[in-house]
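Starting from the known structure of chain A, fit chain B onto it as the hints suggest.
Residue numbers (the numbering used here), protein chains in the order written: chain A, 1 to 365; chain B, 366 to 717.
Just so you know, these hints were derived from the structure itself, not from any lab. Possibly wrong hints are sitting among the right ones.
Short derived list, chain A residues pointing at chain B, Cβ under 7 Å [what the hints assert, rightly or not]:
{"no.": "1", "residue": "P21"}
{"no.": "2", "residue": "N245"}
{"no.": "3", "residue": "R298"}
Some but not every residue of chain B turned toward chain A, in silico, with C-beta under 8 Å [claimed, not checked]:
{"no.": "4", "residue": "P475"}
{"no.": "5", "residue": "E528"}
{"no.": "6", "residue": "T694"}
{"no.": "7", "residue": "P698"}
Cβ coordinates follow ideal geometry from the N, Cα and C atoms, glycine included.
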Amino acid sequence: MAHTEFTLRQRVWAWWQKPSPMRVSFTLGGLLTILAGAFLLSLVAGSVSIPLDAVLTILLGGQAERAVWATIVLDVRLPRAITATLAGAALAVSGVQMQTLFRNPLADPYVLGVSSGASLGVALVVLGVGAASSTALLSVAGWLNNVSITLAAVLGATTVLLLVLLVSRHIRSTITLLILGLMLGYLTSAIVSLLIAFSLSERMQAYIAWTFGSFGGVTWGQMPIFAPATLLGLGLALLHTKALNALLLGEAYASSMGLAVAPARRGIIVSAAVLAGTVTAFCGPIGFLGIAVPHFCRALLHTADHRVLLPATITLGASCALIIDVIAQLPGSNTVLPLNAMLALIGAPVVAWVIFQRSRTSAGL
Amino acid sequence: MSHPPILHTTDLSIGYAGPPAHTVARGLQLHLHAGELVALLGPNGAGKSTLIRTLAGMQPPLAGTVQLDGVDLTTLPARERARRLSVVLTERPAVEQLRVRDLVALGRHPYTDWFGNLNAADHAMIEQSLAAVAALEFADRPFHTLSDGERQRVLIARALAQEPRLLILDEPTAFLDLPRRVSILHLLRRLAHRTQRAILLSTHDLELALHTADLLWLLDEDGTLHTGAPEDLVLAGTLAQVFARDGVVFDTQSGSFRSPASSHSTAHLHAPDVPAMWRIWTERALQRGGVQVVAAQTPAAWQITLGPSDIAPDAIVWWVQPTAAPSPTPPPPPEQHTSLYALVRHVTGQAA
Numbered sequence: 001m002a003h004t005e006f007t008l009r010q011r012v013w014a015w016w017q018k019p020s021p022m023r024v025s026f027t028l029g030g031l032l033t034i035l036a037g038a039f040l041l042s043l044v045a046g047s048v049s050i051p052l053d054a055v056l057t058i059l060l061g062g063q064a065e066r067a068v069w070a071t072i073v074l075d076v077r078l079p080r081a082i083t084a085t086l087a088g089a090a091l092a093v094s095g096v097q098m099q100t101l102f103r104n105p106l107a108d109p110y111v112l113g114v115s116s117g118a119s120l121g122v123a124l125v126v127l128g129v130g131a132a133s134s135t136a137l138l139s140v141a142g143w144l145n146n147v148s149i150t151l152a153a154v155l156g157a158t159t160v161l162l163l164v165l166l167v168s169r170h171i172r173s174t175i176t177l178l179i180l181g182l183m184l185g186y187l188t189s190a191i192v193s194l195l196i197a198f199s200l201s202e203r204m205q206a207y208i209a210w211t212f213g214s215f216g217g218v219t220w221g222q223m224p225i226f227a228p229a230t231l232l233g234l235g236l237a238l239l240h241t242k243a244l245n246a247l248l249l250g251e252a253y254a255s256s257m258g259l260a261v262a263p264a265r266r267g268i269i270v271s272a273a274v275l276a277g278t279v280t281a282f283c284g285p286i287g288f289l290g291i292a293v294p295h296f297c298r299a300l301l302h303t304a305d306h307r308v309l310l311p312a313t314i315t316l317g318a319s320c321a322l323i324i325d326v327i328a329q330l331p332g333s334n335t336v337l338p339l340n341a342m343l344a345l346i347g348a349p350v351v352a353w354v355i356f357q358r359s360r361t362s363a364g365l
Numbered sequence: 366m367s368h369p370p371i372l373h374t375t376d377l378s379i380g381y382a383g384p385p386a387h388t389v390a391r392g393l394q395l396h397l398h399a400g401e402l403v404a405l406l407g408p409n410g411a412g413k414s415t416l417i418r419t420l421a422g423m424q425p426p427l428a429g430t431v432q433l434d435g436v437d438l439t440t441l442p443a444r445e446r447a448r449r450l451s452v453v454l455t456e457r458p459a460v461e462q463l464r465v466r467d468l469v470a471l472g473r474h475p476y477t478d479w480f481g482n483l484n485a486a487d488h489a490m491i492e493q494s495l496a497a498v499a500a501l502e503f504a505d506r507p508f509h510t511l512s513d514g515e516r517q518r519v520l521i522a523r524a525l526a527q528e529p530r531l532l533i534l535d536e537p538t539a540f541l542d543l544p545r546r547v548s549i550l551h552l553l554r555r556l557a558h559r560t561q562r563a564i565l566l567s568t569h570d571l572e573l574a575l576h577t578a579d580l581l582w583l584l585d586e587d588g589t590l591h592t593g594a595p596e597d598l599v600l601a602g603t604l605a606q607v608f609a610r611d612g613v614v615f616d617t618q619s620g621s622f623r624s625p626a627s628s629h630s631t632a633h634l635h636a637p638d639v640p641a642m643w644r645i646w647t648e649r650a651l652q653r654g655g656v657q658v659v660a661a662q663t664p665a666a667w668q669i670t671l672g673p674s675d676i677a678p679d680a681i682v683w684w685v686q687p688t689a690a691p692s693p694t695p696p697p698p699p700e701q702h703t704s705l706y707a708l709v710r711h712v713t714g715q716a717a
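Same shape as in the complex, but just chain A (with noise of 0.2 Å):
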C-alpha cells in the first residue's frame, strides 16, 4: 500500500497533473464562476458601494432604495462591466491567435505593434478631422464618428500585422518581432506628436486621456457598435480553432495536414486586428493583457489546444479586465488610477516569468 504514505497535497497536485477531461470543464466552470462573480463585483463596486441585493433588483428591473443607484447602475457600471468583459476576452484572444500565428510567447497586440497601429489610425481620425473635447474620447463624436474611427483602429492594425506577419516570415527570431514592435510604436508615437503639433490642445488632452486606456468610455449609444464588432471578431477567431491547432507546428506542418494556410492565416489576422482594433478605438491601447492571460490559461490547462485554450483566454481574459478595472477604480474613494498602470504592474511580471521559464526549459527566445 504505497499510495497511501503520499500527503494529501502530493495526491492532488498529482491529480491536478494528469490530464483529463473532467479536469478541464471543472476549470472551465471554475473560470466561468469567476467571470459571474467578477461581474457583479464591478457592478457592486466603485465611488460609491451599492449592496448586491439591490444591485440585483434593478438588474431585474425592481425599485431600488435610492433612485441614484439606479441610474449608476445601469447607465454607468452596466455599459462599463459589458465593455471589459468583451474587451478583456476580445485581447486575450488576439493573444492567443497572435503567439499561435507568429509561434512567439510574446506576441500581443500591444507588444507587437499592433494596438499602435489601431492608435495611430486613431489619432489620425480624431487629431486630424477633429473631434470635440472629452476625456471618454468616442462619447461625444457622433455614430458614424464612432464608425469611421472604429474602421481607421481596424485598418491600423490590420497594416501593422501584415507588416510584422511579412517581416515574420523572413526573419524567425523571437527579437526581431519585439524590436519591430517597438519600433513601430516609436513611429506611431512620433507621427501622434507631429499631429499633435498641429491640433488644437483640448484634441490633444483628449487624445492623451485616452492613451491612459479605460473601459468607461463606451456609451449605450455606442454599444451597438463596439458589442457586435468584438463578438464578430471572437467568432471568427472561435471558427478557427482547428486552424490553430494545425498552426501550433508552424506552417510547413499545417499545410502537410491538408491546412490551407493562406486563407486560415487570413482570417486570423482579420479576426485577431478586428478584436484588437475595436478595444482600441473604444477604450484605448490596452497593455498585458494579450499576453499575460494566455499563458496562465495554458499553465492552469496545461494545454495548448485551442479548443480548450480559445473558451479558457476568453472567460479568463473577460474576468481580469474586470477585476482590474475594479482595482483601479479604488472602490469607496473617488480617485480612479489609469488603467494601462495597473496592467504593467500585474502583466509585467508574468511576461518576466514567461522568460524565465523558457530560458529554463532551454527553449530559448
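Relative to the frame of chain A, chain B by itself:
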C-alpha cells in the same frame, strides 16, 4: 511489378523557378513501393531537401509530374493529399504546454470536423500511433520536456496518425546520438515492412542507411540520381564514386568511410592461433597509424605476431620487432604489448 508504385515521377525536374532560376536535377523517374524503406543520400548541397520537398508537395516541380496513387500531386486537394502522405520535417517545432498525445492528435486534422473534434476511431488511431513508436509511456508528458530521441518518435507518431500510404522524413536522425539514430532507422524499417507503407527519408548517415534501407537513392552533385539496393551500389562502385569528392574514401571491404590512406610503413602480421576478429582489428589499428599490412613475400619494416600470452594463456598479446636488416648488428628481441594502443605507439615511433 505486381503492385503499382505508391508514388512515381515522370521526367521530374526539381529546383527553384527563381529568379535566379536554379535546376537541381532533371529527368527523374522515381518509384516508391509499399513496404519499402528508401534512404535518400548525397553530398551536402546536392539537393536532397529540394527533392524531398517536391515529392512531399511542399514545392512545385519545375517540369514533369509527381503522382501519388496515380493522381497528380499538384491537382490533389490538400485534405486528400494529407490522408495519403505525411511528413516529418527537419525543423524542430517548439511548442509549450502541448501534451504528447495532443500533439499526435494533430495528425488527425485531415479526418476531423470543422472544430477538430476527435471521435472514437480518431482516439484509437492516436493510441495505435503512439504504440507503434513505443511512446505510450510518456504520452501524458508535455512535448517540450522530452529528449531529442523521444521527440522524434512523437513526431513520427503524429505523421502515422495521418494514416499515410507514404511517409516522408527529412533528416530524421540529424539531432540524435548514435544509439538513437540506429533505433529510429530500425523503427522506420519495421514500420515500412509491417504496415506496408512506403517510407522515404533523407539522411547523412550513409553507413546506417547501408544497413537498414531496402533501396538507396543516391543524389550526385551534378543532379544524377542512382538507385539500387545498398549492396548493388557498393558493388557497382557508385557509392565510392559519388562520395569520392569529399576527400574521404569509401572502403568497399568494410562498407565504411575512412580518410585516404597515407601509409609510411609496412608490417608482416602473423596471427595463427587467434580468432580472425583479432587479425581484422589489428589491421585496422595499424592502418590508422599509417602502417600497411603486407603479404609475407613483400619486404616489410615490422614483424608483428599475435598470440596467447606466456603468463596468462587467456589473454592475447602482440610481439613486435623490426625485420632483420642487412646489417652486422642483430635485430633487438621482440617486445610484448598488451594493447593495440601500445603497439601502434611503438611502430609509429611514439613510444620512445
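Holds or violated: is the Cβ of P698 of chain B closer than 8 Å to a Cβ in chain A?
-> Since the shortest Cβ distance to chain A is 59 Å, the answer is violated.
Holds or violated: is there a CB of chain A closer than 8 Å to the CB of T694 of chain B?
-> Since the shortest Cβ distance to chain A is 65 Å, the answer is violated.
Per-residue hint verdict: R298 of chain A, partner chain B, C-beta under 7 Å = Nearest chain B Cβ about 4 Å off; hint holds.
Does the CB of N245 of chain A sit less than 7 Å away from some CB of chain B?
-> This interface hint holds because 6 Å falls under the 7 Å limit.
Minimum Cβ distance from P21 of chain A to chain B below 7 Å?
-> Status violated, d = 11 Å.
Against chain A, is P475 of chain B within 8 Å by beta-carbon distance?
-> 4 Å, holds
Given E528 of chain B was flagged as interface, is its beta-carbon under 8 Å from a beta-carbon of chain A?
-> At about 12 Å, which exceeds the 8 Å cut-off, the nearest Cβ of chain A leaves the hint on E528 of chain B violated.
Hint compliance for this structure: hints 1, 5, 6, 7 are broken, all remaining hints hold.
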